[in-house]
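Chains as they are written, first to last, in our numbering: chain A, 8 to 751; chain B, 8 to 751.
Watch out, some of these pointers could steer you wrong.
Which copy is meant is left open, because identical chains are indistinguishable; a pair holds if it fits in one copy or across any two.
What the hints assert, rightly or not - In silico lysine-lysine, DSSO-like type, Cα no more than 30 angstroms apart, as pairs:
(1) Lys-392 <-> Lys-627
(2) Lys-39 <-> Lys-124
(3) Lys-594 <-> Lys-627
(4) Lys-464 <-> Lys-99
(5) Lys-120 <-> Lys-149
Calculated directly from the structure, the hints in this document are not laboratory data.
Given the structure is predicted, the values throughout are model-derived calculations rather than measurements.
Number of protein chains: 2
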Amino acid sequence: MMSTTTTDLTRGDFTLPGEAGYEQLTLRLAKKWGADTIRDSDGTQLSPEIVQAGYDIYSTVCLVRSVQPWARENRDKLQQNFLMSYPVVAEKATTAITLLKGYFTEQFVVNFKDNPKRWWQVFDRATGKEVPARKWSANEKKGIVTVTDTEPGHSYTVNFLVFRIWEEISMYNHLTNDWGDREHLAAVDPMHPETQQVLLAFLEKWLREHPDTKVVRFTSMFYNFSWFWGADRATLRDVYSDWGDYEMTVSPRALKLFEKRYGYRLTSEDFVNGGLYNSTHNAPSRRYRDYMEFIHDFVIEFGRKCIDLVHQHEKKAYVFYDDHWIGVEPSSGRFGEFGFDGLIKCVFNAFEVRLCAHSKGVETHELRLHPYLFPTGLKGEPTFKDGGNPTLDAKNFWIDARRGIVRAPIDRIGLGGYLSLVEPFPDFQDYIEQLAKEFRLLKSFHASDRPWTAPFKVAVLTAWGDLRAWTCSGHFTPGVELYDVLESLAGLPLDVQFISFDDVVKAGVPRGVKVIVNCGRAGTAWSGGHYWSDPRVEATLTEWVRKGGALVGIGEPSALSQPGRNFRLAQVLGLDRDRGERIANGKYNYVAPAKNARGVEGVTEHFITADVAGALDFAKDVDGIFVLGGDTQVLAERAGEKSPKLATHAFGKGRSVYFSGFKVSHENTRLLHRAIVWAAAQESGWSVWSSSNVKTEATVFPKAGKLVVINNAGTDEETVVTLGDGKTTKRVKLEAHGIAILEV
Amino acid sequence: MMSTTTTDLTRGDFTLPGEAGYEQLTLRLAKKWGADTIRDSDGTQLSPEIVQAGYDIYSTVCLVRSVQPWARENRDKLQQNFLMSYPVVAEKATTAITLLKGYFTEQFVVNFKDNPKRWWQVFDRATGKEVPARKWSANEKKGIVTVTDTEPGHSYTVNFLVFRIWEEISMYNHLTNDWGDREHLAAVDPMHPETQQVLLAFLEKWLREHPDTKVVRFTSMFYNFSWFWGADRATLRDVYSDWGDYEMTVSPRALKLFEKRYGYRLTSEDFVNGGLYNSTHNAPSRRYRDYMEFIHDFVIEFGRKCIDLVHQHEKKAYVFYDDHWIGVEPSSGRFGEFGFDGLIKCVFNAFEVRLCAHSKGVETHELRLHPYLFPTGLKGEPTFKDGGNPTLDAKNFWIDARRGIVRAPIDRIGLGGYLSLVEPFPDFQDYIEQLAKEFRLLKSFHASDRPWTAPFKVAVLTAWGDLRAWTCSGHFTPGVELYDVLESLAGLPLDVQFISFDDVVKAGVPRGVKVIVNCGRAGTAWSGGHYWSDPRVEATLTEWVRKGGALVGIGEPSALSQPGRNFRLAQVLGLDRDRGERIANGKYNYVAPAKNARGVEGVTEHFITADVAGALDFAKDVDGIFVLGGDTQVLAERAGEKSPKLATHAFGKGRSVYFSGFKVSHENTRLLHRAIVWAAAQESGWSVWSSSNVKTEATVFPKAGKLVVINNAGTDEETVVTLGDGKTTKRVKLEAHGIAILEV
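All chains, please: the whole structure from these sequences, using the hints.
Here it is in structure tokens:
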């Protein structure tokens, strides 16, 4: 049921991918879906018929791969990075290491031009020590480094600079789509003033040549996320791949400028890190954080020049929040300095909707929805072809994205890909029409209102803090608990913020925050890793909970091993983890969970478990948890093991809840929600604007007087929603993937 | 079938526990079982009727708890240890810590006599730093330490000295058997010269008062294994319990003598170690190893005086390898200096048989078999009472112990407990008669012969090396893989030795060793922990395998994390472990195991897996294993995960095999055996003296010309044994728990 509204739900805020050769279809669907903007996809040029139909035109440009002839002639201006050679075990006193062995030589060429002795490093990994430069030599012809005085049985590696001769996104598309002998595009490095001039000249020309374009969409700015390919794509294509790592920004020029600015010199090992590089998932070093700041500064500085040019041509500048987004940092406090008009995020999940909405300093937040109009999906499954069911796909993606859209304002939506593919799927065409109306309705609620949230704030504590709010490192990755937690949080009526350890040290826990979530495995940026070595973090948070704060710890919260202790907040959590060193230490024999009110074995009845209807499933959770004493209440434990899965602890005036892991599901989202509310000691307010069925969620827009009830499942559902008085209930029936709007 | 033999199988080498009041039974069973020795159990005094029946008499004495009135009068001569108080979170600038909170105050009394400021330490566990002595004070009356200038939110602990007022073995028996107001016995500390005098005087008197005693069995020497009890036995009885830790030997006098001898001062934290103490399972520090040496030296020195006294009285001195065995170290090269005549080990498992047999410097190796003649077993299950089946228990214990007895010479066996309990179990009486004959037969084979072993040596590499050969830390503990491995090895036709990392650094891999087994979790003494930080270990072993050696790595072999590498022998193993830091690093896509020749899914056909008949079960094994390249062959992987369970790798001229875990079973013992033989590149000799049925094992005594085939199962089994030519086979039928002797 869709309530009546005065908003025009049939038109606007929708970007449609035009397709040359399908002019009629393009215009028909633009009308049906209420599009106001038509974009050209990568490699397609819109025909005049479309361009002149009165729609805003939106064109993509990827600057760093736009100047191919110049790139071919200026190979020393191509982008670079450090690579670590695969380890070689010395057999004699002289050891030769083939630098690119194991790497994709269509992507990488060793940079012998910049003095290897200055920029490279050789390591003896058995001792962990650098080999002095006089003990090795580089041979350009053979592509090897020869190390002398090597110790037999020790492993040696070389950190070396490479130019990248094939830009990764075009490489991926080229090889995935078998583009044969089509040109390999290379990305130039704007760190060089010459490159900047060339790019600005290109952009100036391009802007002049695209008079009909209203919106220039950058894909994105200059540096792609890190993606190192292996020699054999069948067995190891992605040697290293991280959506947030700055590896691919490195060059001798950048390092020299860094040294000048920061007063100290970075080494290759600051980037290589034994082959782990600077994965966003691992707690970042201080030196690397400085380097990120340096690059962010540069990207803003030169990016601003490009955007100014766009504005001079009276066009708008949008940026795609992916691909070459490194250094753009839409969550940074400085993002506004770019002057972008819009930010576009392609989304699979609710947390990505929140990620997009979270960015300040930009007027328009636009989502690119899935499925893309491609014959197959990302895993090769059929979409717009025989065997595919794109309508069902669209519904399933939509119910995930919608949870985020209900909670946070999004300005526009759109699709990507080849529009012609939808022609044989009229039900898909109808569904997108309906979806677009649903979006416009939800947007209208946000226009002058904010959805109700519980009367306390929640902070997610990670090493990255707000810089990586509402994501970990790109799209959802199974096995990283925080993604699951974010996906749950993204649709809950909670006011969530993201804080870092540095924030805590600097200013304590922000005012209004009642619950801190710390979720992740030991050593990760999410749990915090070495950031817990600062005792001020432990002291501040311990004191804060004792005085009435609350901690929800998931996985290995506050983990940083020291003798006898693995969780720095063990005293707060009332438990710790045995990583194998406590075989001789006895474990407190806690009261085993029995059966909850719904007859679920192994689950203690509690406010938190009140909706638990089956065994808890946290996927691969943490084992070896032991409680410190009788005041830790274990609500559930691992099957067949005396290791809590879910436990609560009172600490001073505060509370904590521990989860041994997390996996997003309707049931677990509810469990997390209840845990947070319990930790905040706000159980009495639980029923306000609640929905009984865990597959459904209720959101109230108080000023508008609208209660939005969504069905997050692909089955028809019924639920009882409770109104703002916490008492009055209404029964609501929802179709599969459906929505209901109640006037309240 | 039992072959004919000229040995008298009916008499000798058997120790029977006599029981006063059951003289007739004692003498009847002594005859039936062929006992040559009758012992008094703890607390029972044999009647003259038994003593004078012509059997050797064997009496137990526990010196350190033998002088109770003196102990009560000399409380400062009781044994001591350090305890760590439970952490207290500071709320203000002054923090009081109740020292014994959480500990069993019938076991411990705080030692305020020796200056706390000299011996104790207070730690701020948030910073990891010691609190200066001027910032805390001890209050004897209140039993607290008050710390000043404490930081709110930091956790503080106190390491303090305690006297132990109740000796742990008597405490355990007292409380387990509800002995009510029977006296609490305390253990005196022979570190004091006065105590030594008192003990020697007691022993002298005792020896005079036991003219009929032929063998004095010490239980054991002076210091019990570490066992700290908690305040509430229902929830946490064993706060800390380790069979091999020297915690309970500490005293100010010992520490002063240590400092004098070693030239440096040990601190309380060397013992407390953040509450982990010095568990045998964790890689020991160098300082603690020095301290062990110091105590071993002392125990030998004073022990020798006691034994000399026994010899002066023309009695023999045996020592029980348990209880107060700390400092005795029967695997030490110095054990012979004690001058003991016999060593007695109670055994549940084959590895304990090997442990006993392994000890040099003693003439007689005696086993105490299970079940003990008690109404209930260790876990409270019925044995010699209604519902029990002691005969079946005895058979099941015997088939485990027998595997070890077949492989290594044992001189005597015996039982313990209350003989009267066997009266209602005539089948048990008959079975022990048969078992004793079986033992004597096997002993006769060892008399002038050694069982055949494969023509290469195997070394188990741990931090402890030979000092902890054939055990980890006491009886079998599930979850510590090395116990399982030892139990498998204990019955295999392999020449096994135990080496330490220090051995490897000092002298390389011993000559003749072809296979090294390194098994355990990261940080444990078994895997090696910090001992892997010496690059010589990595270099020596890597070179050794490259030149033709072999490594069998189990669990987390060679684990010591550094950036990008967790296993120091990753290059040798062809694999490493991702502990969560490699989310962004791609993993080599190895060829998945398919199906072996017996149709087992997920198991690659290979020499190693040739007897695998079902899915591999290694209990809680290690996940996150990734292979380094295509030359690592994965034979089995974890269910539903791309993480190898079993893999092989060729490295230079050598080989390696990796197991993700291990659990003793007939199938896995065979798998380990095959893996070792394959690693040694000795597949061609596999069939020599082999037995086809994995539940059976064959052992040949070449000189005696006897092939012993044992059935390790409780079911009738049939097997095909292959003789020494590797071709001729014989079919053998074995009863449940049975044995067959073939003339060959």
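Okay, the hints, checked on the actual structure:
no.	hint	result
1	Lys-392 <-> Lys-627	neither (35 angstroms within a copy, 45 angstroms between copies)
2	Lys-39 <-> Lys-124	neither (63 angstroms within a copy, 85 angstroms between copies)
3	Lys-594 <-> Lys-627	both (23 angstroms within a copy, 19 angstroms between copies)
4	Lys-464 <-> Lys-99	between (62 angstroms within a copy, 27 angstroms between copies)
5	Lys-120 <-> Lys-149	within (15 angstroms within a copy, 74 angstroms between copies)
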